[in-house]
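Student: Chains as they are written, first to last, in numbering that gives the first Met the number 0: chain A, 0 to 103; chain B, 0 to 503; chain C, 0 to 192.
Simulated from the structure, these hints should not be mistaken for laboratory data.
Note that the coordinates shown come from a computational prediction; the quantities given were computed from them, not determined experimentally.
Incorrect hints may have been included.
Result set (DMTMM-like, lysine to aspartate or glutamate): computed pairs, CA atoms no more than 25 Å apart in a straight line [as the list claims (entries may be wrong)]:
id: 1; chain 1: A; residue 1: K90; chain 2: B; residue 2: E161
id: 2; chain 1: B; residue 1: K215; chain 2: A; residue 2: E8
id: 3; chain 1: A; residue 1: K91; chain 2: B; residue 2: E460
id: 4; chain 1: B; residue 1: K36; chain 2: B; residue 2: D81
id: 5; chain 1: B; residue 1: K373; chain 2: B; residue 2: E460
id: 6; chain 1: A; residue 1: K90; chain 2: B; residue 2: D375
id: 7; chain 1: A; residue 1: K91; chain 2: B; residue 2: E161
id: 8; chain 1: A; residue 1: K90; chain 2: B; residue 2: D374
id: 9; chain 1: B; residue 1: K373; chain 2: B; residue 2: D428
id: 10; chain 1: B; residue 1: K39; chain 2: B; residue 2: D375
id: 11; chain 1: B; residue 1: K422; chain 2: B; residue 2: D314
Derived DEER-like restraints, expressed as beta-carbon distance ranges [unchecked claim]:
id: 12; chain 1: C; residue 1: M93; chain 2: B; residue 2: D375; range: 31 to 39 Å
id: 13; chain 1: C; residue 1: M93; chain 2: B; residue 2: D37; range: 47 to 55 Å
id: 14; chain 1: C; residue 1: S160; chain 2: B; residue 2: T286; range: 39 to 47 Å
id: 15; chain 1: C; residue 1: A98; chain 2: B; residue 2: T286; range: 30 to 38 Å
id: 16; chain 1: B; residue 1: E206; chain 2: C; residue 2: V8; range: 32 to 40 Å
id: 17; chain 1: C; residue 1: M167; chain 2: B; residue 2: D375; range: 45 to 53 Å
id: 18; chain 1: B; residue 1: V478; chain 2: C; residue 2: M167; range: 48 to 56 Å
id: 19; chain 1: B; residue 1: V434; chain 2: C; residue 2: V61; range: 52 to 60 Å
id: 20; chain 1: B; residue 1: T52; chain 2: C; residue 2: V61; range: 37 to 45 Å
id: 21; chain 1: B; residue 1: P466; chain 2: C; residue 2: T140; range: 52 to 60 Å
id: 22; chain 1: C; residue 1: M167; chain 2: B; residue 2: F33; range: 14 to 22 Å
With the Cβ distance kept under 7 Å, some of the chain B side facing chain C (calculated, not the full set) [what the hints assert, rightly or not]:
id: 23; residue: L19
id: 24; residue: L22
id: 25; residue: L77
id: 26; residue: Y78
id: 27; residue: F122
id: 28; residue: F129
id: 29; residue: T138
id: 30; residue: V141
id: 31; residue: E144
id: 32; residue: I152
The beta-carbon is built from N, C-alpha and C at its ideal position, and this holds for glycine as well.
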Amino acid sequence: MKTPEVAIELYILLSAILFIMGVMGVLLRRNAILVFMSVELMLNASNLALVAFSRQWANGDGHLIVFFVITVAAAEVAVGLALIVAIFRTKKSIDIDALHLFKD
Amino acid sequence: MFEAPSIGDLNIAATLPATLLALGACIFLLVDLFVPKDRKYITALLAAAGLLTSLVLALLSLMNIIEFGSGETAFAGLYIADQFTDVVNVVVLFTGLMGVLVAYNYLDRIGKQRGEYYYLLLFTTVGVMFMGSAGDLVTVFVALELLSIPLYILSGFRWPQEQSEESALKYFILGAFSSGFLVYGIAMIYGATGTTEFRGIWLAVDEIIAQDLSSKYLLLLGAGLTLVGLGFKVAAVPFHMWTPDVYQGAPTSVVAYMSVAAKVGGFAALVRVFASGMSNFVLDGATAAAWQDTMWLIAALTMILGNLVAIVQTDLKRLFAYSSIAHAGYILTAVAAAGSAAVTNEAAQAVAIYLAAYAFTNIGVFAVIISVEKDDSSNTGLDSLRGMSRTQPLLAASMTLFMFSLTGIPLTAGFVGKWFVFKSAIAADLFPVAVIGVLTSLVSAYYYLRIVWLMYFEEGEPQVYIPWPLASAISLAVVGTLLLGIFPYLLQEMAQDIVLAFGR
Amino acid sequence: MDITIESLVFLIFGALTLGAGVLVVTSRNLFHSGLYLMMSLFGVAGLFVLLAAPLLAGFQVVVYIGAIAILIIVAIMLTPGLTQIKTLFNEQWMVNLAAAVIVFLVLVSVITPLMDDVGVDNWNADFTEDHPKAVAADSMTTLGEQLVDPDYFMLPFEVASVLLMAAMIGAVLLVNPGQAEDESVVPPEGEEV
Chain A
0 MKTPEVAIEL
10 YILLSAILFI
20 MGVMGVLLRR
30 NAILVFMSVE
40 LMLNASNLAL
50 VAFSRQWANG
60 DGHLIVFFVI
70 TVAAAEVAVG
80 LALIVAIFRT
90 KKSIDIDALH
100 LFKD
Chain B
0 MFEAPSIGDL
10 NIAATLPATL
20 LALGACIFLL
30 VDLFVPKDRK
40 YITALLAAAG
50 LLTSLVLALL
60 SLMNIIEFGS
70 GETAFAGLYI
80 ADQFTDVVNV
90 VVLFTGLMGV
100 LVAYNYLDRI
110 GKQRGEYYYL
120 LLFTTVGVMF
130 MGSAGDLVTV
140 FVALELLSIP
150 LYILSGFRWP
160 QEQSEESALK
170 YFILGAFSSG
180 FLVYGIAMIY
190 GATGTTEFRG
200 IWLAVDEIIA
210 QDLSSKYLLL
220 LGAGLTLVGL
230 GFKVAAVPFH
240 MWTPDVYQGA
250 PTSVVAYMSV
260 AAKVGGFAAL
270 VRVFASGMSN
280 FVLDGATAAA
290 WQDTMWLIAA
300 LTMILGNLVA
310 IVQTDLKRLF
320 AYSSIAHAGY
330 ILTAVAAAGS
340 AAVTNEAAQA
350 VAIYLAAYAF
360 TNIGVFAVII
370 SVEKDDSSNT
380 GLDSLRGMSR
390 TQPLLAASMT
400 LFMFSLTGIP
410 LTAGFVGKWF
420 VFKSAIAADL
430 FPVAVIGVLT
440 SLVSAYYYLR
450 IVWLMYFEEG
460 EPQVYIPWPL
470 ASAISLAVVG
480 TLLLGIFPYL
490 LQEMAQDIVL
500 AFGR
Chain C
0 MDITIESLVF
10 LIFGALTLGA
20 GVLVVTSRNL
30 FHSGLYLMMS
40 LFGVAGLFVL
50 LAAPLLAGFQ
60 VVVYIGAIAI
70 LIIVAIMLTP
80 GLTQIKTLFN
90 EQWMVNLAAA
100 VIVFLVLVSV
110 ITPLMDDVGV
120 DNWNADFTED
130 HPKAVAADSM
140 TTLGEQLVDP
150 DYFMLPFEVA
160 SVLLMAAMIG
170 AVLLVNPGQA
180 EDESVVPPEG
190 EEV
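Chain A with its partners taken away, still in its complex shape (with noise of 0.2 Å):
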């Protein structure tokens, strides 16, 4: 393998920022399928980060990582839609400031 151009730290900030991006998608949104989506976009950013790692450390364990995590990430979206599609059914809303039911 050539040593990359690009320094492997860009790679970590740009994944830094997409990382934020999504905890900001989850903490300001109200919808429940754009928190969720918001969620995918972390776990994008952290695949980045540990591909870039991985090509620093030059050792496959960051690239079977992501495996896994795009295998959880599956999972994660099969239950969370279905969930989300159950509860629209009973209450025609997903909105996440609706589910503050139970107040202190």
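Fit chains B and C to the given chain A structure using the hints.
Tutor: Chains B and C in isolation, oriented as in the chain A frame:
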């Protein structure tokens, strides 16, 4: 070229209790298809039998009567079969068994007697077992998801009831959010150390500290993000906000199981990652690991907030949600103590002891709540216990015992747990945290003993419904709480061989 | 940084990833957000190619864009009437924004000193060499072998398979239209609640 491994190298026998249960869950899944709708007790019995078999195997391994497999690791270090694994296995398998006992009649009452409940519960149990035995961050992550995803579904098991679905969605969204943090934390730790295996991390941390490499910042970030991810799972402040809502909305039988199992899994992983993988992460000039300060701060906040907010609660499920947050704080105190190198093993033992003591008591509490709850999941207010000592003296006495245990009154399991936790905290020079722990325990006495007061000194006619599985679950919890409280050496004996710190 | 082809490609894909990411989080139309998510995922796939992981880029496109993002779009279509979002942010957005900004400052403050005082490839690279697992995993063969090799990630691989099954059961259970037959009460369809 790739060579097929001989099965002996895997040391699969060492993972016997966990793999057997996973296999059992997959078989029951198929068997359940042929069980008619009105005979779901067959599935429940099968699940209980599977859990019991694994429990016996784990107990045999815990008491060192039989050692499965050879050596302490299996799957090339990804599975660690040590004493800590055995304790976690026993605790969670017992919790699973109790979970089946408390669920059977409850599911009948809410009209949701379905086979899925039982094998999803088995899958969660398998997840906790793999989490407690993980030797690698990847295993921790995948096992955490195996623990969480069935729990999301179980929380929503009462669909289309609104509260249940909402609690499931809330749990799911915050769970997915926290696993995002965990994965990013794993990525950062991998970036700093080049490996995900705890032993490799430990060696790499030594290197980083010795040479003062700048990747220590990266490691610090990774540790912090991992703590956030796992903190959500164990409901530590400030990542606790999902707990009361989820506990209140989810079916009570699920809460009974989840309040213990999710904590056992989360704390087992916390101990493995921090006490085992990064116990030597001591920055220059410090005497303890770099994560210790944050950990004890979170522990103190968790104890204070959990106990103070619990005082004003009027709903039993909400009250015990905050109580479970408070207890997470006590366990975190021990995890923080593990940051001092000399105390690491003692603190890990304290965590194991506390988890065992907490499991018995807490599942008993929720079993009592199930007995007073109405079929439409109402009547879980504090009033539902009023005057219970007149109509149900035995039930009231059991609940009193659980309250004493949660407060930490001597001769109960809870006291033994707190004793070892605070002892390890003092040994680690975390004197202020131990003081906060003792003071908040005193505060907690107010709301725990108020329940005892309600049951004995106020008028009321509580309606209870106790079929035999629920009654046997409560009796088991009583026996366990008393036994471990009167003979604390049982717990001590069980935990004393726990060695987590890697040798140099 | 000199402008070479590689850095140019990095800039293009980086801008694609981040730009689409911003649009995902800020878009008022849920459907558009889903499409922007796909673009962002595609940008990440492009970066994977630059990082010498073409196989993963393929998986990213096939699994993430082809399955996960499509599933999200299907879910958006299954929840009609919600595509246009009137209020953009939730009720506690100010507190949450502060929390997010703090996390961001921590992340950047950690990564920036690294960029300053460490150059490419000397990031304690000496440690890499004594690591027993030092191997370049770019080919499908190596990746496949490592997944089922007991010396690598066989255990999580097995656990992940159990996880996928549990998730599948749960998803089927939750959206099973045959649920009504188990119950005396038919689930409310919106009219009477």
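Student: Checked against the structure, which of the hints given earlier come out wrong?
Tutor: Per hint list: 3, 4, 9, 11, 17, 18, 23, 24 violated.
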